[in-house]
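S.K.: Residue strings, one per chain:
Protein chains: 2
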Amino acid sequence: MERAQLGAAPVCGFDLPEQCGNCEVRHLTLCAPLDSGEMQRLVEILKVIDVPAGASVTEEGEPAEHVFNVTGGALRLYKLLADGRRSVTGFLFPGDFLGLTAGDTYTCSAEAMTPVRLCRFPRRRLEGLFSELPKLERRLLAMASNELAAAQDQMVLLGRKTAAEKLASFLLQLSRRQEARHLPPDPVSLPMGRSDIADYLGLTTETVSRTITQFKTTGVISLQPQGRVVLRDRLALEECAEGA
Amino acid sequence: MERAQLGAAPVCGFDLPEQCGNCEVRHLTLCAPLDSGEMQRLVEILKVIDVPAGASVTEEGEPAEHVFNVTGGALRLYKLLADGRRSVTGFLFPGDFLGLTAGDTYTCSAEAMTPVRLCRFPRRRLEGLFSELPKLERRLLAMASNELAAAQDQMVLLGRKTAAEKLASFLLQLSRRQEARHLPPDPVSLPMGRSDIADYLGLTTETVSRTITQFKTTGVISLQPQGRVVLRDRLALEECAEGA
DNA sequence: CGGTTACTTGATGCATATCAAAGAGGGTGG
DNA sequence: CCACCCTCTTTGATATGCATCAAGTAACCG
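Residue numbers (full-length UniProt numbering), protein chains in the order written: chain A, 1 to 244; chain B, 1 to 244.
Keep in mind that the hints are not guaranteed to be accurate.
Within a straight-line C-alpha distance of at most 16 Å, the following computed EDC-like cross-link-like pairs (lysine to aspartate or glutamate) qualify [claimed, not checked]:
id	chain 1	residue 1	chain 2	residue 2
1	B	Lys135	A	Glu132
2	A	Lys135	B	Glu137
3	B	Lys135	A	Glu137
4	B	Lys135	B	Asp35
5	A	Lys135	B	Glu132
6	B	Lys135	B	Glu38
If you are wondering where the hints come from, they were derived from the structure by calculation, not from laboratory data.
Start from the sequences and build out the full structure, keeping to the hints where you can.
M.R.: Listed below in structure tokens is the structure:
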């Protein structure tokens with residue numbers, strides 16, 4: 001596991017929901033379009049939750065009683081096949097939403113990769129706010145649409161890209177998500193292990209490792225302590241990622 | 001290409017929007033939760049469109065001015081890499097929705113595989129109805145959530161399943177979708193070509209063909225004229241699909 | 001009925017998986 | 001504070017599932 005990020009990147013203000021005004025990722029979350037009065041309605045039903053590294057937040061198939069906004073740390077989403085093969089369907093960072101489902105169970109399991117802080121909403125009560133706060137539902141639809149677009153990109157990656165193209169796409173994706181959180185694009189932080197990356201890209205840990213080495217050797221990236229990656233030749237990565 | 005399905009399965013009643021009451025896939029569409037008065041508001045902004053086999057309905061990256069409900073025929077959704085590699089991200093059948101996007105461009109290209117009938121809605125005007133018909137937005141969110149769950153399953157398939165498991169999953173998926181349209185589960189109709197299937201499953205046409213032959217040889221399926229597939233051993237397919 | 005396209009089948013090759021082991025962190029206890 | 005140990009990562013050798021290359025065959029259309 002990795003170093004805690006709660007201290008390094010305090011989020012959603014301090015401990016108290018009343019201080020969402022300080023939330024560094026508000027512009028990415030569910031809450032983005034709400035004014036302070038509307039926020040108050042949300043704050044009434046949310047609870048701030050801290051989860052230690054390695055703990056589960058949701059289990060695939062379990063009743064979906066809550067939905068969550070990630071405000072600190074990082075999680076992996078995954079599904080398992082009958083024989084134990086794993087597919088990591090996504091990584092969540094501050095600002096990301098967890099628990100959206102049309103049915104009444106979670107569609108994926110979610111595990112904290114680092115200590116994680118979440119804003120937890122009872123699903124029923126959040127849905128109860130929809131009529132009062134239509135912006136909330138609008139926002140949820142927009143977030144779902146964005147996730148769908150990302151899922152389509154991931155299908156292209158999994159179905160048609162080579163190992164190098166997959167890795168390049170992955171690094172750029174993380175870089176862009178850092179930028180969305182107003183972090184520098186460049187030393188990309190990898191809070192996940194090689195096997196998480198492998199299960200996300202449809203590869204093995206060995207192939208991930210070899211491909212990283214190859215990128216290092218050809219000078220397009222370089223590695224820093226704590227699994228941080230400097231993108232030395234972003235253009236080369238972009239061309240690689242697009243299959244040029 | 002394939003035989004037209006418009007004659008065989010008349011949809012959305014006859015020509016006139018006023019006759020949505022006869023629509024055979026209404027329970028699957030955007031329209032499902034609306035009463036007749038509410039339907040009337042939709043009917044005012046929709047136009048029924050017929051598209052010949054092979055024609056494009058949307059192009060990835062083009063302005064998303066319309067959204068569509070499929071009421072007859074079948075389409076493929078796809079994305080291309082820079083060098084021409086193609087990834088088919090989905091197939092659409094009657095009842096399916098096309099054009100959902102958070103941005104202002106389409107995220108995928110859509111091509112008719114057979115003659116297709118669509119209910120076309122100007123996106124702006126549909127969004128304009130949201131405040132008046134909140135059920136509509138609720139429904140769209142539910143449909144997006146369902147698509148997201150399907151996309152996650154597809155990621156597992158692409159990232160971690162073998163060729164045989166992919167094919168088994170694919171046949172079962174089509175069978176279940178036929179059932180959702182109140183068609184028999186069993187002679188599964190394949191309006192798409194082998195290369196469409198290959199690009200959907202992350203395989204080549206040759207591998208798709210060989211795997212189908214293998215299923216035929218082992219007796220789990222049998223082929224009928226016009227690319228219809230009988231699922232002779234559904235249980236075996238289900239176990240294969242889940243990686244048992 | 002002939003031409004064209006799509007599908008099937010076969011032979012071979014390669015990218016990535018698998019198997020195996022050595023090397024690097026990083027956390028803990030002495 | 002250092003040394004040990006555990007786990008994760010890297011590197012190497014080999015294997016294999018699927019891709020690629022190449023015909024042959026069947027289906028469809030005009």
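S.K.: Determine which of the earlier numbered hints do not hold for this structure and return their numbers in increasing order.
M.R.: Per hint list: zero violations.
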